[in-house]
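Peer 1: Please build the complete structure, drawing on both the sequences and the hints.
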Amino acid sequence: MTRKLLLSLAVTLTLPLFATACVAADKAAPPVLKKAEWPFAATEAGTFNEPWAMSFLPDGSLLVSEKAGTLQHVDLKTGKRAAISGVPKVAYAGQGGFGDVLPHPGFAKNQLVYVSYAEAGEGDTRGAAVGRARLVLAADGSGTLQDFKVIWRQTPKVEGGGHYGHRLAFGPDGKLWITSSERQKFDPAQDMGGNLGKIVRLNDDGSVPADNPFASQGGVAAQVWSLGHRNALGIAFDARGKLWVHEMGPAGGDELNLIQRGANYGYPIVSNGNHYDGRDIPDHSTRPEFAAPKVTWTPVISPAGFIIYNGAQFPQWKGSGFIGGLSSKALVRVAFDGDNAREAERFDMGERIREVEQGPDGAIWLLEDGKNGRLLKLTPKG
40 MTRKLLLSLA VTLTLPLFAT ACVAADKAAP PVLKKAEWPF AATEAGTFNE PWAMSFLPDG
100 SLLVSEKAGT LQHVDLKTGK RAAISGVPKV AYAGQGGFGD VLPHPGFAKN QLVYVSYAEA
160 GEGDTRGAAV GRARLVLAAD GSGTLQDFKV IWRQTPKVEG GGHYGHRLAF GPDGKLWITS
220 SERQKFDPAQ DMGGNLGKIV RLNDDGSVPA DNPFASQGGV AAQVWSLGHR NALGIAFDAR
280 GKLWVHEMGP AGGDELNLIQ RGANYGYPIV SNGNHYDGRD IPDHSTRPEF AAPKVTWTPV
340 ISPAGFIIYN GAQFPQWKGS GFIGGLSSKA LVRVAFDGDN AREAERFDMG ERIREVEQGP
400 DGAIWLLEDG KNGRLLKLTP KG
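In this note's numbering, the protein residues as written are 40 to 421.
For the record, the hints were derived by calculation from the structure and aren't laboratory data.
In this text, all values refer to a predicted model and were calculated from it rather than measured experimentally.
Be careful, since some hints might not be right.
Using 30 Å as the maximum straight-line C-alpha spacing, the simulated DSSO-like pairs for lysine-lysine come out as follows [unchecked claim]: (1) 116 / 224; (2) 416 / 73; (3) 73 / 357; (4) 368 / 116.
Peer 2: Dropping the structure here:
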(Lines of atoms letter the chains of each structure in order from A; the text may use other names.)
(Lines give C-alpha, C1' and ligand atoms only; values in the text may rest on other atoms or scores of the structure.)
Protein backbone atom coordinates (compact mmCIF):
# COMPACT_ATOMS: atom_id res chain seq x y z
CA MET A 40 0.00 0.00 0.00
CA THR A 41 1.23 3.52 -0.76
CA ARG A 42 1.72 6.49 1.52
CA LYS A 43 -0.72 8.58 -0.54
CA LEU A 44 -3.50 6.01 -0.44
CA LEU A 45 -3.03 5.39 3.24
CA LEU A 46 -2.72 8.97 4.42
CA SER A 47 -6.26 9.03 5.75
CA LEU A 48 -5.67 5.75 7.55
CA ALA A 49 -2.42 7.11 8.98
CA VAL A 50 -4.20 10.17 10.33
CA THR A 51 -6.93 8.02 11.88
CA LEU A 52 -4.45 5.71 13.53
CA THR A 53 -2.23 8.47 14.89
CA LEU A 54 -4.56 11.38 15.62
CA PRO A 55 -4.66 10.61 19.36
CA LEU A 56 -0.89 11.10 19.40
CA PHE A 57 -0.94 14.48 17.69
CA ALA A 58 -1.31 16.63 20.77
CA THR A 59 1.38 14.69 22.58
CA ALA A 60 3.79 14.98 19.66
CA CYS A 61 3.24 18.72 19.36
CA VAL A 62 3.74 19.31 23.06
CA ALA A 63 6.88 17.18 23.10
CA ALA A 64 8.47 18.74 20.04
CA ASP A 65 7.11 22.26 19.86
CA LYS A 66 5.34 23.04 23.17
CA ALA A 67 2.45 24.53 21.19
CA ALA A 68 0.93 23.92 17.78
CA PRO A 69 2.56 26.27 15.26
CA PRO A 70 0.38 28.58 13.18
CA VAL A 71 -0.71 27.53 9.70
CA LEU A 72 -0.66 30.65 7.53
CA LYS A 73 -2.98 30.99 4.54
CA LYS A 74 -2.00 32.93 1.42
CA ALA A 75 -3.38 36.23 2.70
CA GLU A 76 -1.14 35.90 5.75
CA TRP A 77 2.09 35.00 3.94
CA PRO A 78 4.95 37.44 4.60
CA PHE A 79 6.18 36.75 1.07
CA ALA A 80 4.97 37.06 -2.51
CA ALA A 81 5.12 33.94 -4.70
CA THR A 82 5.96 34.56 -8.36
CA GLU A 83 5.66 31.79 -10.94
CA ALA A 84 8.78 31.34 -13.06
CA GLY A 85 7.70 28.39 -15.21
CA THR A 86 6.27 24.89 -15.09
CA PHE A 87 7.92 21.48 -15.39
CA ASN A 88 6.90 17.87 -15.94
CA GLU A 89 7.23 16.08 -12.60
CA PRO A 90 10.13 18.18 -11.34
CA TRP A 91 12.16 16.58 -8.57
CA ALA A 92 15.16 18.76 -7.73
CA MET A 93 16.92 22.00 -8.64
CA SER A 94 20.29 23.65 -8.11
CA PHE A 95 21.69 27.04 -9.03
CA LEU A 96 24.87 27.44 -11.04
CA PRO A 97 27.37 30.23 -10.28
CA ASP A 98 26.02 32.38 -13.14
CA GLY A 99 22.53 32.37 -11.56
CA SER A 100 21.00 29.93 -14.03
CA LEU A 101 19.15 26.89 -12.79
CA LEU A 102 19.29 23.13 -13.32
CA VAL A 103 15.98 21.29 -12.84
CA SER A 104 15.61 17.51 -12.92
CA GLU A 105 12.37 15.99 -14.20
CA LYS A 106 11.47 12.55 -12.92
CA ALA A 107 11.01 10.86 -16.31
CA GLY A 108 14.67 11.48 -17.15
CA THR A 109 15.19 15.06 -18.34
CA LEU A 110 17.62 17.65 -17.01
CA GLN A 111 16.63 21.22 -17.88
CA HIS A 112 18.91 24.26 -17.92
CA VAL A 113 16.95 27.45 -17.28
CA ASP A 114 18.00 31.07 -17.84
CA LEU A 115 15.87 32.80 -15.23
CA LYS A 116 16.44 36.23 -16.76
CA THR A 117 14.92 35.29 -20.12
CA GLY A 118 12.91 32.21 -19.19
CA LYS A 119 14.67 30.26 -21.93
CA ARG A 120 15.34 26.60 -21.20
CA ALA A 121 17.16 23.75 -22.89
CA ALA A 122 17.38 20.04 -22.16
CA ILE A 123 20.87 18.81 -21.27
CA SER A 124 22.04 15.82 -23.31
CA GLY A 125 24.16 12.94 -22.05
CA VAL A 126 22.02 12.18 -19.00
CA PRO A 127 21.87 8.57 -17.78
CA LYS A 128 18.95 6.27 -18.55
CA VAL A 129 16.62 6.19 -15.56
CA ALA A 130 14.27 3.49 -14.27
CA TYR A 131 11.10 5.58 -14.35
CA ALA A 132 8.43 3.81 -12.30
CA GLY A 133 6.74 4.33 -8.96
CA GLN A 134 8.85 6.79 -6.98
CA GLY A 135 11.86 6.11 -9.21
CA GLY A 136 13.33 8.22 -11.96
CA PHE A 137 15.65 11.20 -12.14
CA GLY A 138 16.53 12.46 -8.68
CA ASP A 139 18.87 15.14 -7.38
CA VAL A 140 21.26 17.43 -9.23
CA LEU A 141 24.16 19.14 -7.47
CA PRO A 142 27.09 21.22 -8.75
CA HIS A 143 30.52 20.58 -7.25
CA PRO A 144 31.58 23.39 -4.86
CA GLY A 145 34.35 24.15 -7.37
CA PHE A 146 32.03 24.09 -10.40
CA ALA A 147 33.26 27.46 -11.70
CA LYS A 148 36.66 25.83 -12.30
CA ASN A 149 35.93 22.13 -12.84
CA GLN A 150 32.38 22.16 -14.34
CA LEU A 151 31.51 19.01 -12.38
CA VAL A 152 27.91 18.13 -11.54
CA TYR A 153 26.46 15.16 -9.68
CA VAL A 154 23.12 13.53 -10.47
CA SER A 155 21.19 10.80 -8.70
CA TYR A 156 18.64 8.51 -10.31
CA ALA A 157 16.93 5.13 -10.13
CA GLU A 158 18.86 2.53 -12.10
CA ALA A 159 17.56 -0.80 -13.41
CA GLY A 160 19.28 -4.00 -12.30
CA GLU A 161 18.88 -7.67 -13.12
CA GLY A 162 15.34 -8.97 -13.49
CA ASP A 163 12.91 -6.50 -11.96
CA THR A 164 15.36 -4.99 -9.48
CA ARG A 165 16.29 -1.34 -9.13
CA GLY A 166 18.45 0.88 -6.99
CA ALA A 167 19.63 4.45 -6.73
CA ALA A 168 22.87 5.51 -8.37
CA VAL A 169 24.96 8.68 -8.33
CA GLY A 170 26.98 9.81 -11.33
CA ARG A 171 29.50 12.59 -11.91
CA ALA A 172 30.11 14.43 -15.18
CA ARG A 173 31.38 17.67 -16.68
CA LEU A 174 28.58 20.01 -17.69
CA VAL A 175 29.59 21.78 -20.89
CA LEU A 176 27.26 24.67 -21.70
CA ALA A 177 26.94 26.47 -25.01
CA ALA A 178 26.27 30.17 -25.44
CA ASP A 179 22.62 29.48 -26.25
CA GLY A 180 22.07 27.66 -22.93
CA SER A 181 22.10 24.15 -24.33
CA GLY A 182 24.59 21.71 -22.91
CA THR A 183 25.77 18.18 -22.42
CA LEU A 184 27.08 15.95 -19.66
CA GLN A 185 30.50 14.69 -20.70
CA ASP A 186 32.72 11.98 -19.19
CA PHE A 187 29.80 10.63 -17.17
CA LYS A 188 30.83 8.09 -14.54
CA VAL A 189 28.80 6.27 -11.90
CA ILE A 190 30.56 6.79 -8.56
CA TRP A 191 28.06 5.17 -6.15
CA ARG A 192 25.22 2.64 -6.18
CA GLN A 193 22.67 1.40 -3.69
CA THR A 194 23.33 -2.18 -2.75
CA PRO A 195 21.63 -4.54 -2.93
CA LYS A 196 19.30 -3.70 -5.79
CA VAL A 197 15.82 -4.93 -4.90
CA GLU A 198 12.35 -5.17 -6.44
CA GLY A 199 9.83 -2.40 -5.87
CA GLY A 200 9.51 1.23 -6.85
CA GLY A 201 9.71 3.19 -3.61
CA HIS A 202 12.04 4.86 -1.13
CA TYR A 203 15.21 5.62 -3.04
CA GLY A 204 16.14 8.76 -1.11
CA HIS A 205 19.24 9.76 -3.16
CA ARG A 206 19.38 13.36 -1.96
CA LEU A 207 22.84 14.90 -2.28
CA ALA A 208 24.81 17.54 -0.40
CA PHE A 209 28.38 18.71 -0.08
CA GLY A 210 29.49 19.33 3.49
CA PRO A 211 31.87 21.97 4.81
CA ASP A 212 34.43 19.14 4.87
CA GLY A 213 34.25 18.93 1.07
CA LYS A 214 32.76 15.43 1.23
CA LEU A 215 29.75 14.22 -0.75
CA TRP A 216 26.83 13.12 1.42
CA ILE A 217 24.03 10.88 0.12
CA THR A 218 20.73 9.84 1.68
CA SER A 219 20.12 6.18 0.86
CA SER A 220 16.58 5.14 1.81
CA GLU A 221 15.56 1.57 2.70
CA ARG A 222 13.55 0.85 -0.47
CA GLN A 223 10.48 -0.12 1.61
CA LYS A 224 12.28 -3.28 2.77
CA PHE A 225 12.54 -2.44 6.51
CA ASP A 226 15.38 -4.66 7.81
CA PRO A 227 18.16 -3.50 5.44
CA ALA A 228 18.27 -0.23 7.41
CA GLN A 229 20.01 -2.22 10.18
CA ASP A 230 22.15 -4.41 7.90
CA MET A 231 25.71 -3.17 7.49
CA GLY A 232 26.20 -5.58 4.60
CA GLY A 233 24.32 -3.08 2.40
CA ASN A 234 23.85 0.67 2.23
CA LEU A 235 20.04 0.85 2.26
CA GLY A 236 18.60 2.95 5.09
CA LYS A 237 21.89 4.79 5.62
CA ILE A 238 23.51 8.20 5.35
CA VAL A 239 26.59 7.79 3.16
CA ARG A 240 29.75 9.94 3.15
CA LEU A 241 32.18 9.83 0.22
CA ASN A 242 35.05 11.77 -1.26
CA ASP A 243 34.05 13.82 -4.30
CA ASP A 244 35.31 11.08 -6.64
CA GLY A 245 33.21 8.38 -4.93
CA SER A 246 36.04 6.86 -2.93
CA VAL A 247 35.59 6.24 0.81
CA PRO A 248 37.15 8.64 3.33
CA ALA A 249 39.56 6.94 5.71
CA ASP A 250 37.97 8.69 8.70
CA ASN A 251 34.43 7.33 8.19
CA PRO A 252 33.14 5.66 11.38
CA PHE A 253 32.95 2.15 9.92
CA ALA A 254 35.93 2.41 7.56
CA SER A 255 37.75 -0.38 9.37
CA GLN A 256 34.96 -2.82 8.45
CA GLY A 257 35.70 -2.37 4.77
CA GLY A 258 33.26 -3.12 1.97
CA VAL A 259 29.97 -1.25 1.76
CA ALA A 260 29.98 -0.59 5.52
CA ALA A 261 32.93 1.76 5.06
CA GLN A 262 30.65 4.21 3.17
CA VAL A 263 28.22 4.54 6.08
CA TRP A 264 28.04 7.54 8.42
CA SER A 265 24.77 6.64 10.16
CA LEU A 266 22.13 3.92 9.92
CA GLY A 267 18.55 3.08 10.84
CA HIS A 268 16.86 5.50 8.43
CA ARG A 269 13.61 5.05 6.47
CA ASN A 270 12.93 7.43 3.56
CA ALA A 271 15.28 10.39 3.81
CA LEU A 272 14.40 13.11 1.30
CA GLY A 273 16.09 16.20 2.72
CA ILE A 274 19.66 16.96 3.81
CA ALA A 275 21.30 20.23 4.87
CA PHE A 276 24.15 21.59 6.98
CA ASP A 277 23.67 24.42 9.47
CA ALA A 278 26.06 27.33 10.04
CA ARG A 279 27.98 25.29 12.62
CA GLY A 280 28.60 22.50 10.12
CA LYS A 281 26.09 20.18 11.82
CA LEU A 282 24.15 17.85 9.52
CA TRP A 283 20.35 17.64 9.62
CA VAL A 284 18.29 15.10 7.68
CA HIS A 285 14.53 14.62 7.54
CA GLU A 286 12.78 11.39 6.68
CA MET A 287 9.27 10.13 6.12
CA GLY A 288 7.88 7.90 8.83
CA PRO A 289 5.33 5.15 8.15
CA ALA A 290 1.78 5.89 9.44
CA GLY A 291 2.88 8.89 11.48
CA GLY A 292 6.30 9.75 12.80
CA ASP A 293 7.97 11.89 10.15
CA GLU A 294 11.33 12.93 11.58
CA LEU A 295 13.97 15.65 11.59
CA ASN A 296 17.26 14.23 12.86
CA LEU A 297 20.58 15.72 13.88
CA ILE A 298 23.00 13.28 12.28
CA GLN A 299 25.82 12.08 14.51
CA ARG A 300 28.88 10.08 13.52
CA GLY A 301 28.18 6.34 13.65
CA ALA A 302 24.73 6.75 15.24
CA ASN A 303 21.82 4.34 14.78
CA TYR A 304 18.41 6.02 14.39
CA GLY A 305 16.52 2.82 15.04
CA TYR A 306 14.30 2.09 12.05
CA PRO A 307 12.54 -0.36 11.73
CA ILE A 308 13.02 -1.38 15.37
CA VAL A 309 11.64 1.94 16.62
CA SER A 310 9.59 4.75 15.10
CA ASN A 311 7.17 7.35 16.40
CA GLY A 312 4.76 6.06 13.75
CA ASN A 313 3.15 2.66 13.23
CA HIS A 314 2.85 0.20 10.37
CA TYR A 315 0.23 1.07 7.74
CA ASP A 316 -1.79 -1.99 8.72
CA GLY A 317 -2.09 -0.66 12.28
CA ARG A 318 0.55 -2.84 13.92
CA ASP A 319 2.53 -1.01 16.56
CA ILE A 320 6.17 0.00 16.20
CA PRO A 321 7.77 0.81 19.57
CA ASP A 322 8.47 4.52 20.06
CA HIS A 323 11.99 5.88 20.36
CA SER A 324 11.40 6.45 24.07
CA THR A 325 11.33 2.69 24.64
CA ARG A 326 14.85 2.16 23.26
CA PRO A 327 17.19 4.94 24.42
CA GLU A 328 20.18 3.29 22.74
CA PHE A 329 18.84 4.60 19.42
CA ALA A 330 19.24 8.26 18.47
CA ALA A 331 15.87 10.02 18.78
CA PRO A 332 14.55 12.62 16.33
CA LYS A 333 14.64 16.28 17.28
CA VAL A 334 11.21 16.89 15.71
CA THR A 335 8.48 14.40 14.84
CA TRP A 336 5.25 14.98 12.95
CA THR A 337 2.01 13.06 13.53
CA PRO A 338 -0.07 13.57 11.41
CA VAL A 339 2.66 13.46 8.81
CA ILE A 340 3.82 16.34 6.63
CA SER A 341 5.54 14.05 4.05
CA PRO A 342 8.76 16.09 3.98
CA ALA A 343 10.63 16.61 0.71
CA GLY A 344 13.42 19.07 -0.03
CA PHE A 345 15.26 21.01 2.67
CA ILE A 346 17.40 24.11 3.11
CA ILE A 347 18.79 25.94 6.09
CA TYR A 348 18.43 29.56 5.10
CA ASN A 349 21.37 31.98 5.25
CA GLY A 350 20.29 34.69 2.82
CA ALA A 351 19.65 38.42 3.19
CA GLN A 352 16.14 38.83 1.77
CA PHE A 353 14.51 37.31 4.86
CA PRO A 354 16.84 38.37 7.72
CA GLN A 355 14.28 37.28 10.32
CA TRP A 356 14.64 33.71 9.04
CA LYS A 357 18.41 33.46 8.94
CA GLY A 358 19.33 30.06 10.36
CA SER A 359 15.81 28.65 9.94
CA GLY A 360 15.15 25.41 8.10
CA PHE A 361 12.58 25.19 5.31
CA ILE A 362 11.00 21.85 4.40
CA GLY A 363 8.63 21.13 1.54
CA GLY A 364 5.49 19.22 2.43
CA LEU A 365 3.92 16.77 -0.03
CA SER A 366 0.75 15.47 1.66
CA SER A 367 0.63 18.59 3.85
CA LYS A 368 0.85 20.87 0.78
CA ALA A 369 2.93 23.23 2.85
CA LEU A 370 6.22 24.99 3.36
CA VAL A 371 7.31 24.24 6.92
CA ARG A 372 9.70 26.54 8.79
CA VAL A 373 11.85 24.98 11.50
CA ALA A 374 13.61 27.02 14.18
CA PHE A 375 16.86 25.72 15.65
CA ASP A 376 18.30 26.25 19.12
CA GLY A 377 21.71 24.62 19.18
CA ASP A 378 21.14 20.89 18.88
CA ASN A 379 17.37 21.23 19.30
CA ALA A 380 14.67 22.15 16.81
CA ARG A 381 10.94 22.84 16.59
CA GLU A 382 8.38 23.62 13.92
CA ALA A 383 7.94 27.39 14.08
CA GLU A 384 5.26 27.99 11.46
CA ARG A 385 3.67 26.45 8.42
CA PHE A 386 2.65 28.12 5.17
CA ASP A 387 -0.33 26.57 3.37
CA MET A 388 0.83 26.46 -0.26
CA GLY A 389 -2.22 24.63 -1.62
CA GLU A 390 -0.04 22.25 -3.67
CA ARG A 391 2.42 19.45 -2.96
CA ILE A 392 5.89 20.94 -2.49
CA ARG A 393 8.67 18.70 -3.78
CA GLU A 394 11.78 20.88 -3.54
CA VAL A 395 13.13 23.94 -1.72
CA GLU A 396 16.22 25.95 -2.67
CA GLN A 397 17.83 29.26 -1.81
CA GLY A 398 18.70 31.49 -4.75
CA PRO A 399 21.93 33.48 -5.10
CA ASP A 400 20.09 36.69 -4.15
CA GLY A 401 18.52 35.16 -1.02
CA ALA A 402 15.09 34.46 -2.50
CA ILE A 403 13.50 31.12 -1.60
CA TRP A 404 12.55 28.90 -4.54
CA LEU A 405 10.03 26.06 -4.56
CA LEU A 406 9.11 23.31 -6.99
CA GLU A 407 5.62 21.87 -6.91
CA ASP A 408 5.25 18.13 -7.35
CA GLY A 409 3.63 16.42 -10.33
CA LYS A 410 2.82 17.23 -13.94
CA ASN A 411 2.86 20.97 -14.64
CA GLY A 412 4.59 21.56 -11.31
CA ARG A 413 5.29 25.25 -10.93
CA LEU A 414 8.62 26.88 -10.12
CA LEU A 415 7.92 29.59 -7.54
CA LYS A 416 10.14 32.43 -6.34
CA LEU A 417 9.39 33.73 -2.84
CA THR A 418 10.39 37.31 -2.04
CA PRO A 419 9.38 39.62 0.84
CA LYS A 420 5.99 41.30 0.47
CA GLY A 421 6.06 44.99 -0.23
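Peer 1: The structure should be examined with respect to each hint, and the outcome stated for every one.
Peer 2: Quick rundown of the hints versus the structure:
no.: 1; hint: 116 / 224; in the structure: 44 Å, violated
no.: 2; hint: 416 / 73; in the structure: 17 Å, holds
no.: 3; hint: 73 / 357; in the structure: 22 Å, holds
no.: 4; hint: 368 / 116; in the structure: 28 Å, holds
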